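Protein sequence lines correspond, in order, to chains A and B. First residue of the first sequence? That's 1 in my numbering, and the numbers climb one at a time after it. First residue of the second sequence? That's 455 in my numbering, and the numbers climb one at a time after it.
No lab work stands behind these hints: they were computed from the structure. Owing to the predicted nature of the structure, the values given are computational and were not obtained by experimental measurement. There may be inaccurate statements among the hints.
Said to hold, decoys possible - Only pairs whose alpha carbons sit at most 20 Å apart, straight line, appear in this in silico DMTMM-like list of lysine to aspartate or glutamate:
id	chain 1	residue 1	chain 2	residue 2
1	B	Lys736	A	Glu181
2	A	Lys202	A	Asp394
3	B	Lys642	B	Glu676
4	B	Lys743	A	Glu181
5	B	Lys736	A	Asp183
6	B	Lys743	A	Asp182
7	B	Lys739	A	Asp300
8	B	Lys743	A	Asp186
9	B	Lys739	A	Asp394
10	B	Lys585	B	Glu742
11	A	Lys373	A	Glu315
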Amino acid sequence: MQLADTIVALSTPPGRSGIGVIRLSGPRSLEIARAIVCDEQFTPEPNHARLQTVYDLESRDALDRALITYFKAPHSFTGEDVIELSCHGSPVLLRRLIDLVLTLDARLAGPGEFTLRALSNGRINLSQAEAVRDLINAQTESAIKQAARQLRGELSNYLQPIKDALLDIIVPLESSLEFVEDDLPDVAVGRITQSLSELTEKVERLTATFRAGHLLKDGLKVTLAGRPNVGKSSVFNSLLSSERAIVTDVPGTTRDSLSEVVSIEGIPVLLVDTAGVRTTEDKVENLGVERTRRAIADSDLILVILDGSEPLTVEDKEVLAEVGDLPHLLAVNKSDLESFSLNGLLAEASVPVIPISAKTGAGLDELRGAILKPFAEGGARDAGLLITDARHHDLLRRTQGALQTSALLLEQRASEELVLAGLYDALRFLGQITGETTTEDILSQIFATFCIGK
Amino acid sequence: MSFDEIFDVIIIGAGHAGCEAASAAARLGAETALVTINLDLIGQMSCNPAIGGIAKGHLVREMDALGGVMGRVIDRTGIQFRLLNRSRGPAVQAPRAQADRSLYRTEMRRTLEATTNLHLRQGMVVDLIIKNGQVCGVELQDTRRLGAKGVVIATGTFLNGLIHTGRRTHTAGRAGEPASIELAESLKRLGFPVGRLKTGTPPRLDGRTIDWDAFEPQYADERPVPFSFATDRIEQPQVTCHIGYTTNAVHDAIRANLHESPLYSGKIKGIGPRYCPSIEDKVVKFAEKDRHQLFLEPEGHTTNEVYLNGFSTSLPAELQQELVRMIPGLEEARIIRPGYAIEYDFVDPRELTPSLETVRFRGLFHAGQINGTTGYEEAGCQGLIAGINAALFVQGREPLRLRREESYIGVLIDDLITHGVDEPYRIFTSRAEYRLALRYDTADARLTPHGRELGLVGDSDWDRFNHRRDRLARLRETLENTRLKRSDAAYSSLSRILGVDLGESVTLAQLALRPNVRPDLIERLLPAEIRAEASLDDLQSALADLLYSGYIDSHKATLDRLHQHDSLRLPPDFDFRAISGLSHEMVERLERARPQTFGHVRRIPGMTPAALSTLLVQLNLRQRAA
């Protein structure tokens, strides 16, 4: 069963790029492809890319040579007939092509509509739908790996045995209630207590991965602060040149010109360079100072840059006072100079002090390590399945809570229907992750966060 | 169209569904005919002479609270009352009673005959009279035609009934009674999707031939808990049941003769209930068990017949006799009636609305085994709802629809019309998401106001209900507000008994929730005037409210969340066919119902959660686009 209409959208981020992918889904997809290649017989083999000329239907001019891939229903992402057009990435060309397709009885896809169709047609489950969103928003390779894992259903797969084990506990308890008159073996409370505690532990372990998973997905915001001329911009640039993030220009994310995403150990770190913190009469500069203060207050970590070739100045002390008790690190620059000294900071400061040279690159690795240290124990790069979604984390915590309540009631020898109430709740919570017992509001939440054409 | 007699409502079948339906419709003021093949077998217990049990007992209480008759009749004719799960929490306790089969029939008939507007008619219905998509009467085998705007079909196992014993089969509704074949054909002709189910019954023994000493006695409760809120005490003398076991020798003999069983020779096509298997099924599917439990249940005060519960079989009669004699204690036993299996037609209950009316024909209702259920209680509660709604339909009033959150009856009906059945459906407490709130002792609070509003609950029952409700309110208030202080005389002895320090002061409610505090202890601490008016039952109800209140609150929160989209409106031109992910069946249901709000969609019979989510997402997308 298919929708009556066919939807189209640009699947790659808007703007100039190497290639741009236009995706169509719906019963008219193949027909539309035939129209734009001007070949009524055009029947590409499903799942194979074909190089084809696409035409402007009005002027009859060739528009582009595009790779066309046909995915036949139900073996496509959405479960419907899907056509993907990989074109050259000129925004003008892509816009023109989409306009053409819209004249051929297709309509522009709503936010998250491709994923919605995939979900409606049973091609993916709820946690996979969320993974699609994460995959598209992922900023580093590790985050992509995590999202891909979830998309393959690994979270659902991981939870399945937990659900099964939960059922193994529920079944004997439930039957002892329902079939009192039958000759059933006594409920093995010891065994049930044991497997309940194993189960709770598994859920606990998975829940605990959220700390690392959350970092992977949402990353850290690190703000550089310091008076002018300490080499802030050089430090900023040398941290950038190491390992650029895969996606540096995510549409929809507001950033000023002085911020960049770098990947440190697979964790996306948003570096923000700031104007100096200096009180002046100049209105324009004051605006910059105001912005700096906001950036500082809004950061996960502040990197205070000092110049080690000179003694601390009044301005340096003002910066340190501004940072105050907020989480921060001291990076003492210009360690390559002879006059360099840590100015006794090592003894005074309660936070890590790292000597660096933006010029030679000395100390930069230590600095990177120090940035991550307070956040990611053990590093996230090679960790197994991680919980990256706050909703999943919340549900797992609730699952854990429900299981613990049941375990306590079991220990107190409470009546089975009370023990079971918690176990059923746990099942319900787990079901909300795998999408099997989905409630409507989760869905509307998910699709509200989707961008167009995914 | 000419009719021999015209009524408002006609009930076809006088089993447990039919009796409730007829009584309710008549008491709601509808001129009601109860048509049955044999007037002497009204309220016949075709199988086990017992009513109640876990969840089933809840159903009987709920029927009683609404104004049904089953609870009152069993209270007057029950000969062994037991409250099951006494050691468990109050939400999963329920009464069960052995009935005197013959007394039950007599009492049910007496009850019906004493009902104004109710007319008993003997005859076999062979056809429904339908006009313009609406039922308008029935035709009997003797060619009489009875007119009515509301008709309830409650035909039990009679529709195309086929009895199996060994390799022999014969058409029958129950042993010794004719099957209803023409009506079954008529339903198929009218387009109803019909399936086949199977059930079975064990042999009945001559009690004089049983060695009773070989069995373990099971006594009635000393303080019987009645089914009806109107019953003050059980008058029937109570009897003892007995428990015994099969042996491996019996199992071997059954296995050696499986080829004689219609179940295993493939003769029986209908699906039987998994939770009530025949002894053949038990020994095949649980081959590792070396004994199976049996109950010897007396069928009444004035008969020697004993029901061999747990030994349902369709093996040949002579083999049944041999097998029974291999059971320790039954070496000399003689079978009075052999057990048998019966196959019968049922109509897919997804054809029904929550008021049990068929979607196909207005005014036509189905209740009981025709809907794929099993059990007297399951049948009775459907009969009650169908009878009420048939009368309301004729009177042009809004139908009664019970929700899952308020009753097991609502759970049962919602399950049936949403999911259909693939084996005979029985109620279980675990089918209810909100079972902690559906206690047997709260059925009155949940349903009696509905019954009163309908006109089924009379003045004296309503007074009783209000008194109990007020007593419980005072009791709850007392428990919450009565404090024991350190200086009180009772405090120190209590603290010593419990072996813990209770703090500066403690309320009776807090005390009651402590482990090892029994209700009788709380009772002794109640102020004298409360103690004088509240019974131990009242106290147990109030304490149960305390025990479960936290859980029930969180359930309520879940419910509120689930229903938060109910007011979302559907555009009048909404095209369900254009929504992918909706099956043909869902689209058909939606087009038939033409819902105006999401709340209405949610209540359309048979909508799956997946379909609801899909629709909701589409509605949200549309709203955002608009």
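Evaluated hints:
1. With a CA separation close to 16 Å, the supplied pair B/Lys736 and A/Glu181 stays within the 20 Å bound.
2. For a cut-off of 20 Å, the pair hint linking A/Lys202 to A/Asp394 stands: about 16 Å separates their Cα positions.
3. Proposed proximity of B/Lys642 and B/Glu676 is contradicted: the alpha carbons are some 51 Å apart, above 20 Å.
4. A hinted pair counts as satisfied when its Cα atoms are at most 20 Å apart, and B/Lys743 with A/Glu181 qualifies at roughly 17 Å.
5. About 12 Å separates the Cα atoms of B/Lys736 and A/Asp183, which keeps this hinted pair within 20 Å; it holds.
6. With a CA separation close to 13 Å, the supplied pair B/Lys743 and A/Asp182 stays within the 20 Å bound.
7. Between B/Lys739 and A/Asp300, the direct Cα distance comes to roughly 63 Å. Violation of the 20 Å bound is thereby established for this hinted pair.
8. Distance hint between B/Lys743 and A/Asp186 is fulfilled; the C-alpha atoms sit about 15 Å from each other, no more than 20 Å.
9. Note on B/Lys739 and A/Asp394: the hinted pairing is violated, with a Cα-Cα distance of about 43 Å set against a maximum of 20 Å.
10. Of the supplied pair hints, the one linking B/Lys585 and B/Glu742 is violated, its CA atoms being roughly 58 Å apart against a limit of 20 Å.
11. For the suggested pair A/Lys373 and A/Glu315, the alpha carbons sit about 28 Å apart, so the restraint of at most 20 Å is broken.
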